[in-house]
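One rule links them: number in my numbering = place in the sequence shown (from 1) + 1.
Be aware that one or more of the hints could be misleading.
[Said to hold, decoys possible] Only pairs whose alpha carbons sit at most 25 Å apart, straight line, appear in this in silico BS3-like list of lysine-lysine: (1) K233 - K380; (2) K560 - K674; (3) K557 - K525; (4) K62 - K280; (5) K139 - K196; (6) K611 - K249; (7) K163 - K204; (8) K395 - K380; (9) K280 - K351.
Hints in this document: simulated from the structure, not taken from any laboratory. Just so you know, these numbers come straight off a predicted model, no measurement behind them.
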Amino acid sequence: MGKKLKNIKDITVQETNDSSILSKASITKLGYFDDPYLSLFTTRVPRRAPLIHRGYYIRAKAIDHSLRSFLECCKELNTPHQIISLGAGFDTSYFRLKENGLLKNCRFIEIDFEDVMRRKIAIIRQHQVLQDIIGTFKTESENSLESDDYLIVPCDLTDLKKLDVFMEKFGIDCNLPSLFFSECVLTYVDLKHSKNLIGWIQKRFQQAAVVIYEQIRPDDAFGYVMMRHFDKIQSPLRRIKDLFTIQKHREVFEALNYSNVLGFDMNFFYEHYLDECEKGRMIRLELFDEFEEWHLKCSHYCIIAAFTGLLTNCNLPARMFPYYAPPEDQPPQPLSYTPTTLNEEQLEVKRFGHRCVQLTNNQFLCMGGFGVTPDGGHKRLNTGLLINSNDVPKCTQINELDDVLYNSITRLSDNRFFVLGGRKSPKTTIPKYGIFVFDGNLVCPVVTKDAETQEEIMVVSRWRHSAVLFKGQILLFGGVTTDNRTLNDLWCIDVNGLTVRKISTTGDVELFARHSHTMSVWKKENVVVYGGLEHSMHLSNQMLLLSLKDGEYHIKEMKFQVPLPKRYAHTSHVVNDTMIVVGGVDTSGQFSTNEILLIDLIGRTFRGLKFPACNPASPLMFHNHQSLLLTRGREGCEKEGRLLVVGGGGNCFSFGTHFNRCVVSLDLSDEIKLT
C-alpha cells in the first residue's frame with residue numbers, strides 16, 4: 002500500500018473517534034453512563050437517538066466491566082500492573098478510574114496515531130481538572146505525555162518496530178500483569194497486521210490479557226447494512242470477513258499460543274453481567290421502541306478475551322468473566338432444518354411496523370407503518386396499499402389513513418376488520434378504535450368509538466399487542482404503553498357494541514407482561530400465545546393455550562420435548578395442528594431467525610425451514626414484517642399454500658435505515674396439511 006493511500010485511510014479511521022466521542026458524551030449527559038470527562042473532549046454534545054444511546058451504553062458497560070474486574074483482581078494480588086489501550090483515541094477511562102481511586106499501583110498507557118495523540122494532549126492542556134488528575138508531568142512533548150501513572154504514546158499499531166522503541170524509551174515493564182484493550186480499533190486493521198500485533202503481545206509480555214470489542218456476523222441482513230455503512234464512510238471493517246464469528250476470533254488467539262480464550266456477544270453480556278436493578282435504571286431513562294434493532298446491534302458486537310502466561314494460573318479469566326457463551330459450533334438445542342426457496346414477487350412494499358389484513362380473492366390491505374415516500378424520504382405512512390397476489394401481482398395505493406405503527410388489524414369477514422391501538426411516537430397513541438370496511442376502492446369506517454371511560458383508554462393506549470377474533474369477539478393481550486410499561490392484561494371487546502371487558506383467567510400459569518408476541522386461533526376452540534419480550538428485555542419461549550369453557554377463560558402452558566426457541570417480533574399462523582412461525586428476533590445465538598419454524602401442536606415438536614443465504618444486493622430482514630398464508634387458491638387452483646412476507650426492516654443502529662425491497666413468497670403446500 003502506498004504511503005499516501007495509507008495516510009488517507011488512517012485519517013478516515015481517526016475520524017471514527019470524533020463521531021464516537023459525541024455519542025459517548027451524549028450517553029453521559031442523559032445519565033446512561035457516569036463519566037464527567039467525556040464532554041471536555043468535544044465542543045458540543047448533540048443528543049443522539051435512544052437506539053444510539055443504548056448501543057453506546059452497552060459498549061461502555063462492557064469495556065468498564067473488563068477494566069474494573071482486571072483492576073480488582075490485581076488489587077487482590079497486591080502487585081504492580083498496567084493497562085494498555087490500543088487505539089485509545091479520546092477515551093477517558095484513565096481519568097474516570099483514577100478519580101474513583103481504582104488506579105493505585107497501576108500504570109495506564111494509551112497508544113494511537115500521532116495526530117490523535119497530539120489533539121488529545123492539546124485538550125488536556127486546556128483543562129486544569131484533567132491536569133490535576135494526572136499530576137506532575139515527568140516528560141511532555143507535542144504528541145507524547147508521561148506522568149507517574151499515565152503515558153500517551155504516539156504510534157501506529159502496525160509499526161511493531163516503533164512500538165519496541167517506545168517500550169524501551171518509556172520503560173514499559175513486560176513482566177507486569179498487563180491488560181491490553183481494543184475498543185473498535187483492530188477491526189480497522191487488516192488480519193495480517195492485527196495477528197502480528199496479537200502475536201507480539203504474547204511473545205513480549207509474560208502476563209497478558211487482551212480484551213477486544215468489535216463487530217461480527219457480517220453475512221446476514223443487518224451485517225450487510227453495517228458493512229455498507231463502514232464502506233461508505235471509507236473505514237471498512239478489514240478483519241470481519243475472516244473473523245466473522247466469535248469462534249473464528251478464538252481460533253486466531255489459540256493459534257498464537259494464548260492458553261485461555263473466551264467470548265460472547267453483547268446480548269449475552271446484557272443478560273448475564275448487568276443486574277436487574279441496573280437494567281431497570283437504564284430502561285427508565287428514555288421512552289424506547291426499537292427493540293429489534295437494539296438486540297440485532299448487540300448480536301453483531303462481541304467481547305473477546307484472551308489470556309497468556311502467569312495470568313492463567315491465578316484464575317484471572319474466570320474471575321474477570323465468570324460467564325461466557327458456549328462455542329458456536331456446539332448448539333445446545335438440536336433443530337432439524339430443511340432448506341427452502343424464496344421467490345421475489347413483483348410487488349414493492351418498503352415499510353415496516355405496518356399491518357396487513359387479508360380480504361377476498363387473495364387480495365390484502367397493507368396499512369400504516371414507517372416507510373419510503375414517493376420523493377424518497379422516510380416517515381410514518383398514512384397511505385394504504387391494496388395488494389393483489391394473483392397471477393398478475395398488483396399494488397394500488399388507496400386513501401389516506403392514520404399514520405400509525407404497531408397497531409392491530411383483525412379480520413372480521415371478507416372485507417371488514419377491527420382496528421385498535423398503535424402509536425405515532427412512543428408518547429402518542431391513537432385514542433379511538435372501531436370497525437372498518439374496504440368497499441373495493443376505499444377504506445371506510447363502519448363504526449368507531451373514541452376512548453372515554455378509564456377502561457376504554459386502558460385498552461387503546463398500547464401498541465405491540467396482539468388481537469384475534471375468537472368466539473365472535475376480539476381477544477386482546479399485552480403490549481407497551483406511553484409511560485414505558487409492558488402489559489399483561491387480557492381484554493374482550495364486543496364487535497357489536499364496541500364495549501370492553503377485562504378478563505381474569507383460571508389455570509396453572511399466570512399471564513406475564515409481554516409485547517411483540519403472537520396470538521393465533523387453533524381450530525376455533527383455542528388461542529395459542531407464543532413468545533414475546535418482557536419489560537426487562539428478557540425473551541420468552543413460552544407457549545400458552547387459552548380456551549373458553551363454561552364462560553371462563555382457562556390458561557395452561559404447553560410443554561415441548563425440546564424447549565422452543567425464544568422469539569419475539571415474529572408472525573404466526575395456525576393451519577390444522579401446525580403453527581407456522583415466520584422470522585422474529587432470537588438473542589441466544591442458538592437459532593437463526595432467518596427461518597420458518599413449523600411447530601407440531603399435538604406432538605409438541607418443531608423443525609425449521611431455512612431461507613437461502615442473504616443476497617447482499619437485496620438483504621431481507623424478517624422482523625417488523627407481516628406475513629399472510631394464502632390457502633384458498635388462485636383461479637384454476639384447488640388449493641394453495643403460499644406464504645407471503647410483506648415489508649420489514651428497521652433503523653439499523655447508526656448504520657442507516659433498511660427496508661425490504663419487495664414482497665417475497667414461499668410454497669408451504671408440501672410442508673403443511675391444508676385440509
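Each hint tested on the structure:
1. For a cut-off of 25 Å, the pair hint linking K233 to K380 stands: about 23 Å separates their Cα positions.
2. Taking the CA atoms of K560 and K674, the gap is near 23 Å; set against the 25 Å cutoff, the hint holds.
3. Between K557 and K525, the direct Cα distance comes to roughly 17 Å. Compliance with the 25 Å bound is thereby established for this hinted pair.
4. As the CA atoms of K62 and K280 are separated by approximately 11 Å, the hinted pair is consistent with the 25 Å bound.
5. Under the criterion of a C-alpha separation no larger than 25 Å, the hint pairing K139 with K196 is inconsistent with the structure, at around 33 Å.
6. Between K611 and K249, the direct Cα distance comes to roughly 23 Å. Compliance with the 25 Å bound is thereby established for this hinted pair.
7. Pair hint K163 plus K204 holds up; C-alpha atoms about 16 Å apart against a cutoff of 25 Å.
8. For the hint linking K395 to K380, the alpha-carbon distance of about 23 Å falls within 25 Å, and the restraint holds.
9. For the suggested pair K280 and K351, the alpha carbons sit about 34 Å apart, so the restraint of at most 25 Å is broken.
Hints 5, 9, counting from the list given before, are not met by this structure.
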